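Given chain L, work out where chain A should sit, using these hints.
Protein chains: 2
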Amino acid sequence: MINTLISEIKKKNAPIVVGLDPNPGMIPEHLLKAAVAEQGETLEAMASAVFEFNKGIIDATYDLIPAVKPQIAMYEQFGVPGVAAFKKTVDYAKSKGLVIIGDVKRGDIGSTSTAYAIGHLGSVKVFGKEFVPFDEDFATVNPYLGSDGVKPFIDVCKERNKGIFVLVKTSNPSSGEFQDRIIDGKPLYEHVGEKVREWGNEFMGESYSYVGAVVGATYPEMGAKLRKIMPRTLILVPGYGAQGGKGSDLKAFFNEDKLGAIVNSSRGIIAAYKADKYSHCGSENYADASRLAVEDMLLDIRTAVGLV
Amino acid sequence: MINTLISEIKKKNAPIVVGLDPNPGMIPEHLLKAAVAEQGETLEAMASAVFEFNKGIIDATYDLIPAVKPQIAMYEQFGVPGVAAFKKTVDYAKSKGLVIIGDVKRGDIGSTSTAYAIGHLGSVKVFGKEFVPFDEDFATVNPYLGSDGVKPFIDVCKERNKGIFVLVKTSNPSSGEFQDRIIDGKPLYEHVGEKVREWGNEFMGESYSYVGAVVGATYPEMGAKLRKIMPRTLILVPGYGAQGGKGSDLKAFFNEDKLGAIVNSSRGIIAAYKADKYSHCGSENYADASRLAVEDMLLDIRTAVGLV
Numbered sequence: 001m002i003n004t005l006i007s008e009i010k011k012k013n014a015p016i017v018v019g020l021d022p023n024p025g026m027i028p029e030h031l032l033k034a035a036v037a038e039q040g041e042t043l044e045a046m047a048s049a050v051f052e053f054n055k056g057i058i059d060a061t062y063d064l065i066p067a068v069k070p071q072i073a074m075y076e077q078f079g080v081p082g083v084a085a086f087k088k089t090v091d092y093a094k095s096k097g098l099v100i101i102g103d104v105k106r107g108d109i110g111s112t113s114t115a116y117a118i119g120h121l122g123s124v125k126v127f128g129k130e131f132v133p134f135d136e137d138f139a140t141v142n143p144y145l146g147s148d149g150v151k152p153f154i155d156v157c158k159e160r161n162k163g164i165f166v167l168v169k170t171s172n173p174s175s176g177e178f179q180d181r182i183i184d185g186k187p188l189y190e191h192v193g194e195k196v197r198e199w200g201n202e203f204m205g206e207s208y209s210y211v212g213a214v215v216g217a218t219y220p221e222m223g224a225k226l227r228k229i230m231p232r233t234l235i236l237v238p239g240y241g242a243q244g245g246k247g248s249d250l251k252a253f254f255n256e257d258k259l260g261a262i263v264n265s266s267r268g269i270i271a272a273y274k275a276d277k278y279s280h281c282g283s284e285n286y287a288d289a290s291r292l293a294v295e296d297m298l299l300d301i302r303t304a305v306g307l308v
Numbered sequence: 001m002i003n004t005l006i007s008e009i010k011k012k013n014a015p016i017v018v019g020l021d022p023n024p025g026m027i028p029e030h031l032l033k034a035a036v037a038e039q040g041e042t043l044e045a046m047a048s049a050v051f052e053f054n055k056g057i058i059d060a061t062y063d064l065i066p067a068v069k070p071q072i073a074m075y076e077q078f079g080v081p082g083v084a085a086f087k088k089t090v091d092y093a094k095s096k097g098l099v100i101i102g103d104v105k106r107g108d109i110g111s112t113s114t115a116y117a118i119g120h121l122g123s124v125k126v127f128g129k130e131f132v133p134f135d136e137d138f139a140t141v142n143p144y145l146g147s148d149g150v151k152p153f154i155d156v157c158k159e160r161n162k163g164i165f166v167l168v169k170t171s172n173p174s175s176g177e178f179q180d181r182i183i184d185g186k187p188l189y190e191h192v193g194e195k196v197r198e199w200g201n202e203f204m205g206e207s208y209s210y211v212g213a214v215v216g217a218t219y220p221e222m223g224a225k226l227r228k229i230m231p232r233t234l235i236l237v238p239g240y241g242a243q244g245g246k247g248s249d250l251k252a253f254f255n256e257d258k259l260g261a262i263v264n265s266s267r268g269i270i271a272a273y274k275a276d277k278y279s280h281c282g283s284e285n286y287a288d289a290s291r292l293a294v295e296d297m298l299l300d301i302r303t304a305v306g307l308v
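Protein chains in written order, with our numbering: chain L, 1 to 308; chain A, 1 to 308.
Keep in mind the hints are simulated off the structure, nothing from the lab.
Since the structure is predicted, the reported quantities are computational estimates derived from the model, not experimental observations.
One or more hints might be untrue.
One copy or two, either will do: identical chains are not told apart, so a pair holds if it fits within one copy or between any two.
BS3-like mimics (lysine-lysine), calculated; alpha carbons at most 25 angstroms apart, straight line [said to hold, decoys possible]:
(1) LYS251 to LYS228
(2) LYS125 to LYS87
(3) LYS33 to LYS274
(4) LYS87 to LYS251
(5) LYS125 to LYS88
(6) LYS274 to LYS129
(7) LYS129 to LYS33
(8) LYS11 to LYS151
(9) LYS33 to LYS11
(10) LYS11 to LYS94
(11) LYS125 to LYS96
(12) LYS129 to LYS11
(13) LYS228 to LYS151
(14) LYS55 to LYS125
(15) LYS274 to LYS228
(16) LYS33 to LYS125
(17) LYS125 to LYS274
(18) LYS94 to LYS55
Okay, chain L solo, but in the shape it has when bound (with noise of 0.2 angstroms):
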């Protein structure tokens, strides 16, 4: 699946991924209004205009982006109803040929990891059948408890062909609190940077490991130092956009041959309808806002890289 994901971003020419975080006032009226004549006022009705909103984005945005990347909290938020939707979400994304990095953070101890492994990447036995529960392509993966909360996941990855981002060093203003502090001279997030080189070189693909890591944007300077640490691991990089980081800061996260990370943007995109630049589109039209963002970011991001 990292040959897949690499094949898509050059294809494309786009090394940017859609995150579909969809938080309720986001959702324009009249897919709230369709759901609730349907359903009714309930929890059920806001999954179907969740599942609605973001298929509009998928097919207007598809044959622009390699990849999506669901956040499943913003499912959760919605209880059973809500995973639900994050897994029809998962299903069409894939049947118009995107990429699906499940974004859930997961991570426990060894026999819990490898549930979890199994149920967003792997297969279940049942009933001597085989089931494929959440079925994304990658998931992202909490480090905090050491290899044999990660290694669960890479087992099940190779299986399946599968793979998974670690957090190495998160886009949010206090993720220095632990990942900064300094151990034997350096910080602690290259330590686990370290650990990540080592697990990814265990399941290398043709150019870049199944093992990817999670570097914010807006840390770019420790992204370069990352970039250097990790040569052969493709970087999710979130925190564009919305969250404060800019084009001109990509540039770190990136390698000699213009590959090597990939930019998410979510708000900045599933919601641009509701900035100022895009709101001529209309909340009818919020998809055609999203296509418009998506070029934009394009735009940015291959003049930062050098890809034009």
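Same frame as chain L, now just chain A:
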């Protein structure tokens, strides 16, 4: 909710929690058959069998224990139907007067942690109505992202009288890989423990804080140290039983008031009927075996802590 949990622990003289972490191999044949007869060989049938399994254990033990801790990974491995069984388990256990610790180990950047907190502990406003999506009483939280990944949980807890347990030192063999690394003369887990105390001071119950900690039974010396660092923090202690933690190791996790810790056992209780000691119950009476195992665990822990 922390006051309720402490008062139930006292009333039942039982500083323990039963981990509802069902794996397919644990579910007795008669439950699988009954589910397949109704729903065929599907994930839905597996999820129904999981719920019936849990229900049996809850019915057989609820008068002895203050709380249950369903591990959501074990449900996510069965996809959307599994997550629905998680929710049914939460609701059923609550109907029997049990406190629910959702072992979800979530944690993300601020806005995303808010969504997780809403989903698991809070309420979501949709169409002007308020819904409670999963409605556990406590959730476990991963601290790798720092304060702004944890505080949104505390904010939601304050609104709805809920609590969290933050991972400090986990029970697994490789937990030391990052957690034990020395920063300014102290291991990372002590720094996290100090933050837990600080976060907890902002939201105190009568005797213990709404912000608890997770510290593995497998590391009793570290538990003793953390007990001193976080005197008013309830410690959730996994790793007893199947993972190797012994009753005699547990005294260190308790305060002089003989409170301050709640010890989890999962496999040792829910799969007790498979152990030689309780196999005389037979798989049809798996819940009786669970009750016997709870009684034995209580004796072991009461003896160790001086509660007999």
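Tested hints:
1. For the identical chains of this complex, LYS251 and LYS228 are intra-copy neighbours only, at 13 angstroms inside a copy versus 47 angstroms across copies, given an alpha-carbon limit of 25 angstroms.
2. For the homomeric pair LYS125 and LYS87, the shortest alpha-carbon distances inside one copy (19 angstroms) and between copies (22 angstroms) are both at most 25 angstroms.
3. For the identical chains of this complex, LYS33 and LYS274 are intra-copy neighbours only, at 19 angstroms inside a copy versus 53 angstroms across copies, given an alpha-carbon limit of 25 angstroms.
4. Neither within a single protomer nor between protomers do LYS87 and LYS251 lie at most 25 angstroms apart by alpha-carbon distance, with minima of 34 angstroms and 45 angstroms respectively.
5. Proximity of LYS125 to LYS88 under the C-alpha cut-off of 25 angstroms is found in both arrangements, the shortest distances being 22 angstroms within a copy and 22 angstroms between copies.
6. Taking the closest pair of Cα atoms, LYS274 and LYS129 come within 25 angstroms of each other only across two copies (24 angstroms); inside a single copy the shortest separation is 46 angstroms, beyond that limit.
7. Taking the shortest alpha-carbon separations for LYS129 and LYS33, only the inter-copy value of 15 angstroms comes in at or below 25 angstroms, while the best intra-copy value is 40 angstroms.
8. Taking the shortest Cα distances, LYS11 and LYS151 never come within 25 angstroms of each other, neither inside one copy (31 angstroms) nor across copies (42 angstroms).
9. Taking the closest pair of Cα atoms, LYS33 and LYS11 never come within 25 angstroms of each other, the shortest separation being 38 angstroms inside a single copy and 50 angstroms across copies.
10. Taking CA atoms no more than 25 angstroms apart as the test, LYS11 paired with LYS94 passes inside one copy only; the shortest distance there is 17 angstroms, against 53 angstroms between copies.
11. Proximity of LYS125 to LYS96 under the C-alpha cut-off of 25 angstroms is found in neither arrangement, the shortest distances being 27 angstroms within a copy and 32 angstroms between copies.
12. Taking identical chains as interchangeable, the C-alpha atoms of LYS129 and LYS11 are never at most 25 angstroms apart, the minima being 37 angstroms within one chain and 46 angstroms between chains.
13. For a Cα distance limit of 25 angstroms, the shortest separation of LYS228 from LYS151 inside one copy, 23 angstroms, qualifies, whereas the shortest one across copies, 33 angstroms, does not.
14. Taking CA atoms no more than 25 angstroms apart as the test, LYS55 paired with LYS125 passes between copies only; the shortest distance there is 23 angstroms, against 30 angstroms inside one copy.
15. Taking the closest pair of Cα atoms, LYS274 and LYS228 never come within 25 angstroms of each other, the shortest separation being 38 angstroms inside a single copy and 51 angstroms across copies.
16. In this homomeric assembly, LYS33 and LYS125 come within 25 angstroms of each other (Cα to Cα) only across copies, at 16 angstroms, whereas the closest approach inside a single copy is 40 angstroms.
17. Taking the closest pair of Cα atoms, LYS125 and LYS274 come within 25 angstroms of each other only across two copies (20 angstroms); inside a single copy the shortest separation is 45 angstroms, beyond that limit.
18. In this assembly of identical chains, LYS94 and LYS55 lie within 25 angstroms of each other by CA distance solely inside one copy; the values are 11 angstroms within and 37 angstroms between copies.
Comparing the model with each earlier hint shows violations of hints 4, 8, 9, 11, 12 and 15; every other hint is respected.
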